[in-house]
Amino acid sequence: MSCTIPTQTIRIIIVGEGGQGIQTIAKLFAQASSNFGYHATYIPNFGTEQRGGLSLSFITISKNEIVSPKFTTSNVFIITSSRNIERSLRYISPQSNVIYDSSLVNQSVVDKIKKKTGCILPADAFKIATEKFSERSFNIILLGLLTGIIDKELVQDIQKLMDKKFGKYYQKNESLKKNNDSAFLHGISLTK
Amino acid sequence: MSLQNTLKQNINKTQQLQPILPECVNLSTKPHSFCPGCGHPIVLNALGSVIDKLGIKNETVFLIDIGCSLLAWNYFDVDTTQTHHGRTIPVATGFKRANPNSIVIAYLGDGGGYAIGLQHLIHATLRNEAITTIIVNNLNYGMTGGQMAPTTISDQPETTTAPLGRDRKYHGNPINGPEMLNNLGIENQFIARSAVNNPIQLQMTIQRAIMHQIDNKGFSFVEALSYCPTNWKTNAQETIQSLEKFKKYYPNFEDTHKIK
Amino acid sequence: MKEPSQKKEKQFLQGNVISAYAALNAGATNFFGYPITPSSEIFETWVELTGDPDKPHKSPITNEPIGYLQLEDEMASGFAVTGACLAGKKAFTATAGPGNILMQDAFSAAEALRIPTVALIVQRGGLSTSTVIYSQEEVTLTCFGGNGEGFRIVYSPSGLQEVYNYTIKAFNTAWKYRYPTFVLSDGYQGKMQGEVVIKEMNKNFYTKPSPILLGENRKKGISTNMRNCYDQEEEMNEIINNYQKDFERDSLEIAESETYKAKDADVLIIAHGIVATAAKDAINSLRKEGMKIGLWRPITLRPLDRHSLLKNISHKKQIIYVESALGQMARLINDEIVSGLFKRSTDTDTARNNFKKNTQIREMFRPAIGITPEEIVKFVQNNE
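Chains as they are written, first to last, in the working numbering: chain A, 1 to 192; chain B, 1 to 260; chain C, 1 to 384.
Treat the hints as calculated values from the structure; they're not laboratory data. In this text the structure is predicted, and so the values were computed from the model without any measurement. Treat the hints loosely; a few may be bogus.
[Claimed, not checked] Here are the simulated PhoX-like pairs of lysine-lysine, each with C-alpha atoms no more than 20 Å apart in a straight line:
1) B:Lys57 with C:Lys220
2) B:Lys8 with B:Lys57
3) C:Lys219 with B:Lys57
4) A:Lys160 with C:Lys311
5) A:Lys63 with C:Lys311
6) C:Lys10 with A:Lys27
7) B:Lys217 with B:Lys258
8) C:Lys220 with C:Lys10
9) A:Lys164 with C:Lys176
10) A:Lys127 with A:Lys27
11) C:Lys263 with C:Lys219
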């Protein structure tokens, strides 16, 4: 089974825990893709908990008009938690490229994923975030990772959008922008 | 026209067996359909006199609840709509917010105001909505046939859902509306209780409440303690005596300190 | 990927945000509500659009100041909308699930008194509180939630552009025909973000609101006295019969539907709302494999476009209902099919014969869960 990513329409799922900032980057990635000129949709899965529950997001980017925003089979599946993720594994098929965070996803989950697809890769996003940046940069590293996998052409649009979305915080804390920008670029470099 | 003159005229007309009614009352819908001896028409005529006196017929909307109050739907030549049980205050809120130049009167019974719609009454008070609410308190659910109301007191002989009278241990305690709203402590609100056995004072109270709205000062509220001979099962004399007795529980009320 | 497609006027927005923009561009001025997931961003966006409540922004359509009020509960919110409509304003609310239930008291009052309330319903899942996510299980409640006959207009938009277009339309239809009107969306369409063109309303479709109380008659010295309380059965019966006549007549103009590749189809999917988008994708895939399959979609769930429905179900081998509920849409359709084929007189015999010969009806009911194109393809193919 091939691990290539399709060229017309890409369906992405990011699974993690509430509070990790996954919805923020999923939204940002979809919007930047739309600004760039692709068609894009984003749907969050939102539980009753604001923090700590399962957080799941569906992104579609496509060169064609997107008719239906929901899908069963993902082309890219990023997972950053082992809690409550059982039901989300149904979105993995042999065509799915799975990237898991090696310090947040335990071995039993990895084994389950391996039964579904051969295209599985670890990433050290959380470890890198805590060691080189800060725990809060974790999702920005993931955003870089996602951009590196899907399309590096999006980099400018994503950086522009990051400046816009986080501008408020950047004003209060200048080092935050530097930190975010380098975390983003570091994320991209992980995909080399 | 002074009140004395009105009274004189009233007496003259009574002698001709023709009651004199406020001008804004729709005569073609009279006689009204309230029970003989009911207090509602006294409250409505007091309100009608105020509408006449202030000349506000064309700006006033009269919003009525479910229960006996709904029989007032065609009482006046004033734009009127009936709403659902307890929901008159939200309709009044929506209307006033959408048309701040109108004069909005919410007219409810004690069930609509103090039971099923109590949250609306409290929150309208807290938001200081610029509407006038009149609650007619006859100490029971009149239209449904004399059941216990939140205002039914232990001294009342019977209601159909508390046939031996209100047992405070079993049925809980009755509510004192104006006192409760006053305790919310919002400044500059007009909150009062009056009774139908003193129609002139009742009329003055309603007038001050509506003036409060016209002057754009915020929320105004009048409870009118009222007669219900049908469900109290009282003759004329007993009805008047009962009201006097109930006044001990629901005395005239007005906290003038709040008004600045 | 690369070679991006060209698109300039499109914006990337959340469904709920789109709804609020639509309300503004339809000339709505007053929002009353109580926050509830997954509809809250409609309220929040309207608050943003209003700005400082002491110096509110003006409606781009009427140039009046706009406003909002958060009330103590959904009952108060629904009834405040009726109050503002009586005062002649395009007033609206947004809610979901248990909030939709609490507002039914107000909606049935609006139905009885012909008050053109607009409610944006963002369906969530299950019974009572249940999930805050998604379903199509508020169809029956929204169409028939009152203690009456359901003289209401219910739009079911399919995709974000339609959320925008039909929200604008809802305000104008409500005021043109004077029925409580609903835009029945869902958690996915409320919470998802995607592309939309926020264009100005076509002024030809604009219906200007006018006060129901303190209106023209008042100026002429005539009072309006409205009630919804009657002494006699006959009186009530007559009023309902008259409403029904009005509703039947207006339905011919209000009812809308969409067909997609249905003309030559042997198999007809019937789906509404976001599920219809998945059905279209599925139809495209199945057509590639040579299957003659199409879609009939009710845009108005109430009233249904019965003429289009009866036309499109004839000569089909198979009709497949697909919805994220246990047949709430299907019941509406079945009811129309039965009335259309067996009760009404025009062309009934031919229609009946065309329908009953070989038509098989299948049900793909998935309560409280999203339906994807792949799942529909699988269901269509696995016909035992």
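So, going through the hints one by one against the coordinates:
no.: 1; hint: B:Lys57 with C:Lys220; in the structure: holds, 13 Å
no.: 2; hint: B:Lys8 with B:Lys57; in the structure: violated, 24 Å
no.: 3; hint: C:Lys219 with B:Lys57; in the structure: holds, 11 Å
no.: 4; hint: A:Lys160 with C:Lys311; in the structure: violated, 52 Å
no.: 5; hint: A:Lys63 with C:Lys311; in the structure: violated, 36 Å
no.: 6; hint: C:Lys10 with A:Lys27; in the structure: holds, 16 Å
no.: 7; hint: B:Lys217 with B:Lys258; in the structure: holds, 12 Å
no.: 8; hint: C:Lys220 with C:Lys10; in the structure: violated, 48 Å
no.: 9; hint: A:Lys164 with C:Lys176; in the structure: violated, 42 Å
no.: 10; hint: A:Lys127 with A:Lys27; in the structure: violated, 24 Å
no.: 11; hint: C:Lys263 with C:Lys219; in the structure: violated, 55 Å
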